[in-house]
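S.K.: Chain by chain, the residues run as shown.
2 protein chains.
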Amino acid sequence: MDDFFNVLQIEELTDILQKVPCLEKEELELEHCRGRYLASDVTAPEDLPATNRSCMDGYAVKAADTFGASENNPAYLEKIKDLGICDIPDFAMTPESCAGVVTGGVLPQGSDAVVMQEYTHEMGAGTIEIRRPVAPWENVMFRGEDVTRGDTAIATGQRAGFRHTAMMAALGIKSWLFYKTPGVGIISTGDELMEISSPMQAGRIRDVNSHALAHLVRGCNAEPRLFGIIRDREADLKKALETALETSDVLLISGGSSVGQRDFTLKAMQAIEGLEILAHGLAISPGKPTIFARINNKYVWGLPGQVGSAQVVMLVLVLPFLNHLQGAQHAFNEDETGLVQARLTRNLASRYGRKDYVRVRLGEDEQGFTATPVLGKSGLLKTVFQADGLIWIPSNYEGLARGEKVKVRILP
Amino acid sequence: MDDFFNVLQIEELTDILQKVPCLEKEELELEHCRGRYLASDVTAPEDLPATNRSCMDGYAVKAADTFGASENNPAYLEKIKDLGICDIPDFAMTPESCAGVVTGGVLPQGSDAVVMQEYTHEMGAGTIEIRRPVAPWENVMFRGEDVTRGDTAIATGQRAGFRHTAMMAALGIKSWLFYKTPGVGIISTGDELMEISSPMQAGRIRDVNSHALAHLVRGCNAEPRLFGIIRDREADLKKALETALETSDVLLISGGSSVGQRDFTLKAMQAIEGLEILAHGLAISPGKPTIFARINNKYVWGLPGQVGSAQVVMLVLVLPFLNHLQGAQHAFNEDETGLVQARLTRNLASRYGRKDYVRVRLGEDEQGFTATPVLGKSGLLKTVFQADGLIWIPSNYEGLARGEKVKVRILP
Chain A
1 MDDFFNVLQI EELTDILQKV PCLEKEELEL EHCRGRYLAS DVTAPEDLPA TNRSCMDGYA
61 VKAADTFGAS ENNPAYLEKI KDLGICDIPD FAMTPESCAG VVTGGVLPQG SDAVVMQEYT
121 HEMGAGTIEI RRPVAPWENV MFRGEDVTRG DTAIATGQRA GFRHTAMMAA LGIKSWLFYK
181 TPGVGIISTG DELMEISSPM QAGRIRDVNS HALAHLVRGC NAEPRLFGII RDREADLKKA
241 LETALETSDV LLISGGSSVG QRDFTLKAMQ AIEGLEILAH GLAISPGKPT IFARINNKYV
301 WGLPGQVGSA QVVMLVLVLP FLNHLQGAQH AFNEDETGLV QARLTRNLAS RYGRKDYVRV
361 RLGEDEQGFT ATPVLGKSGL LKTVFQADGL IWIPSNYEGL ARGEKVKVRI LP
Chain B
1 MDDFFNVLQI EELTDILQKV PCLEKEELEL EHCRGRYLAS DVTAPEDLPA TNRSCMDGYA
61 VKAADTFGAS ENNPAYLEKI KDLGICDIPD FAMTPESCAG VVTGGVLPQG SDAVVMQEYT
121 HEMGAGTIEI RRPVAPWENV MFRGEDVTRG DTAIATGQRA GFRHTAMMAA LGIKSWLFYK
181 TPGVGIISTG DELMEISSPM QAGRIRDVNS HALAHLVRGC NAEPRLFGII RDREADLKKA
241 LETALETSDV LLISGGSSVG QRDFTLKAMQ AIEGLEILAH GLAISPGKPT IFARINNKYV
301 WGLPGQVGSA QVVMLVLVLP FLNHLQGAQH AFNEDETGLV QARLTRNLAS RYGRKDYVRV
361 RLGEDEQGFT ATPVLGKSGL LKTVFQADGL IWIPSNYEGL ARGEKVKVRI LP
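Residue numbers (our numbering), protein chains in the order written: chain A, 1 to 412; chain B, 1 to 412.
Everything labelled a hint here was simulated from the structure, so no lab data went into it. There could be a bad hint or two in this list.
No copy is singled out in the list; a pair is fine if it fits within one copy or between any two copies.
In the DSBU-like style, the derived pairs of lysine-lysine whose C-alpha atoms are separated by at most 35 Å in a straight line are [stated by the list, open to error]:
(1) K298 / K288
(2) K377 / K81
(3) K377 / K238
(4) K180 / K62
(5) K81 / K382
(6) K62 / K288
(7) K377 / K174
(8) K288 / K180
Modelling step: build the complete structure from the supplied sequences, incorporating the hints.
M.R.: This is the structure in structure tokens:
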């Protein structure tokens with residue numbers, strides 16, 4: 001583990017990753033855009049609302065006609081018409097007139113406010129008593145108040161959520177340009193691995209990583225494709241890499257990425273013509289034996305074989321990279337709004353110069369959330385299974401003290 | 001709006017919702033279970049790990065043979081064999097012997113610890129120098145240490161995440177029983193509505209809700225089915241409800257759920273034989289004109305027509321209900337780990353006896369996150385579009401003061 005030539009700080013790698021260009025664009029129907037990143041600004045093709053509309057059930061008026069109106073001294077206005085929700089007024093307001101309107105209804109020409117139903121009284125013979133004044137434009141939505149024709153309604157790089165779907169629907173946009181999502185190939189390496197459907201054989205373990213990595217890949221819009229288990233032989237691995245690269249934008253290989261006897265991932269990669277190793281070895285723990293390489297416009301990640309270590313590298317690097325490829329803005333800047341604040345329940349030591357990630361279990365006491373490190377033998381699945389979250393110790397720290405406030409990222 | 005006969009507190013409705021039985025169960029392959037809820041405990045079919053395994057590269061020993069070993073006074077052990085990752089030892093340990101093992105390798109019979117490679121030295125002629133003592137079971141994963149055959153490895157009601165996928169793969173479980181997800185029908189009502197693909201017509205607005213509600217439904221594993229726009233006529237609405245109920249477990253109708261002239265949703269529901277109205281009117285804002293009804297084992301929600309109001313009812317009631325139907329434990333108890341703590345930037349008034357939900361925009365200053373209420377005319381999409389999160393004011397409060405700490409739920 002100490003034979004890495006050039007261990008990178010995580011920020012050095014993210015600098016490289018941020019320069020990778022996004023994938024192509026494609027047009028998607030509204031029903032397929034959930035969670036996808038916009039590849040082009042949505043410019044409003046029309047004003048929203050399209051006309052001045054009432055916010056209330058009541059009477060459209062000229063506000064000046066209501067000035068001074070009160071319970072004791074009401075104003076009396078002549079009703080021209082009651083307008084239904086779909087009616088287009090075919091008249092303009094005359095002095096001291098009003099028109100019945102419903103919430104959302106179009107205001108007649110010349111009206112500039114709406115008096116709520118409850119402050120009015122129908123006197124008969126078309127006369128409406130108004131018991132409260134309204135200010136100009138009170139209870140009125142203006143034409144273009146949500147968004148004006150030609151304005152940017154949604155900016156490129158936004159991730160399509162509820163509000164974006166609602167805005168596009170309101171503007172009559174049935175489909176839009178989004179970045180494509182990467183096809184992600186997954187390979188597991190290791191002589192000891194067997195398919196999960198195999199009965200247990202002495203000395204073997206099942207291929208957990210293919211399935212666990214696929215789970216995470218699905219969580220960021222991308223479609224994983226499993227290429228199975230490859231034995232610890234350089235030639236087999238090279239061939240598998242080449243095959244998988246034909247149909248993958250990004251390839252994940254777990255196992256064999258370190259520098260030991262059985263670690264052929266780097267050699268197999270180096271044997272592929274045109275493949276360029278951009279990183280081998282990171283100053284993080286777990287996750288030191290991580291490889292990142294490029295061949296043409298495709299990218300290969302060598303991940304640690306232990307599922308907990310692979311999980312950390314996926315969360316802090318690979319998933320942000322997959323989001324970056326599909327157009328996410330600031331994919332590598334941790335969005336802290338989703339993080340839980342907690343107090344650490346024990347001291348944690350860390351090596352200076354290395355960023356340490358520690359799995360924690362969340363609890364709660366009278367002072368708020370607590371984070372208890374889940375420690376244990378490396379290689380056990382238990383420590384992965386028991387953890388709710390991940391905290392980190394920056395590389396310029398030598399540890400964290402019990403009681404310190406930490407930010408916890410909830411594990412997916 | 002004040003003609004509701006029996007306005008329920010939100011807790012009274014969630015009491016009703018919690019008693020609704022879950023959907024049927026179905027068997028799912030591991031690759032399709034992401035986010036789904038387990039319908040049966042996963043009992044470990046075998047021990048994990050299946051044998052005692054080494055946590056390190058090094059030498060399997062009897063720990064007692066290393067006691068007292070040091071740099072100055074090493075122990076010398078005879079190497080029986082070097083074991084590869086897949087080798088099954090065909091020998092037992094003799095006194096003062098050792099065997100080379102790799103990380104994950106099976107330990108020979110009689111060994112009870114592993115000395116790390118770096119504390120050893122190969123002396124030639126099969127003799128290994130040991131420079132440090134190991135305690136019994138040091139650097140060893142025990143058979144069954146992750147989970148023992150017959151134990152509950154994963155409990156019913158858990159939502160399949162990374163760790164559950166990893167555990168099932170490790171135990172050789174290729175498929176498992178999960179609760180089915182509901183089919184959700186969506187209807188929009190309102191004479192003023194038009195399809196989003198229609199060119200704008202005077203006095204009309206586009207049907208935002210069908211698409212926005214579908215977006216939220218997709219976010220909780222469920223498949224939405226759009227039944228389009230129904231005009232404000234009781235007979236049309238009744239027919240549409242009956243048609244949609246044939247193929248939906250849950251039906252969402254937005255618009256017309258209040259008690260005004262154009263509100264036919266309740267009447268149309270009441271006209272359906274066997275349909276029972278369980279709630280009409282909730283002590284929440286927005287969302288007062290919410291209807292919940294049951295017919296046989298199907299459920300109908302009447303939602304407010306304004307998209308922002310419908311969004312709130314979806315988030316606080318309908319989505320938890322959809323999760324409950326698919327087996328979520330405690331679907332109605334807000335999981336607070338996902339909430340952001342922020343300080344309110346202005347006073348907010350609220351009516352006693354009603355739970356108020358307020359959309360906020362998140363910011364950050366030197367003291368942490370801030371939550372600024374997004375206020376504005378009801379009916380504008382702008383207030384929905386600008387908000388990042390939702391806060392609430394309990395029904396026994398008359399408001400919140402500027403500077404108070406609030407929990408913010410990030411909007412999807």
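S.K.: Each hint should be assessed against the structure and marked as holding or not.
M.R.: Each hint, compared with the structure:
When the C-alpha separation of K298 and K288 is checked against a cutoff of 35 Å, the pair qualifies only within one copy, where the shortest distance is 22 Å, while the shortest distance between copies is 53 Å. In this assembly of identical chains, K377 and K81 lie within 35 Å of each other by CA distance solely across copies; the values are 25 Å between and 80 Å within a copy. When the C-alpha separation of K377 and K238 is checked against a cutoff of 35 Å, the pair qualifies only within one copy, where the shortest distance is 32 Å, while the shortest distance between copies is 62 Å. In the homo-oligomer, the alpha carbons of K180 and K62 never lie at most 35 Å apart, since the shortest distance is 52 Å inside one protomer and 57 Å across protomers.
In this assembly of identical chains, the alpha carbons of K81 and K382 lie at most 35 Å apart only when taken from different copies (31 Å versus 73 Å within one copy). For the identical chains of this complex, K62 and K288 are inter-copy neighbours only, at 31 Å across copies versus 72 Å inside a copy, given an alpha-carbon limit of 35 Å. Taking the shortest alpha-carbon separations for K377 and K174, only the inter-copy value of 26 Å comes in at or below 35 Å, while the best intra-copy value is 53 Å. For the identical chains of this complex, K288 and K180 are intra-copy neighbours only, at 30 Å inside a copy versus 41 Å across copies, given an alpha-carbon limit of 35 Å.
In this structure, the one hint that does not hold is number 4.
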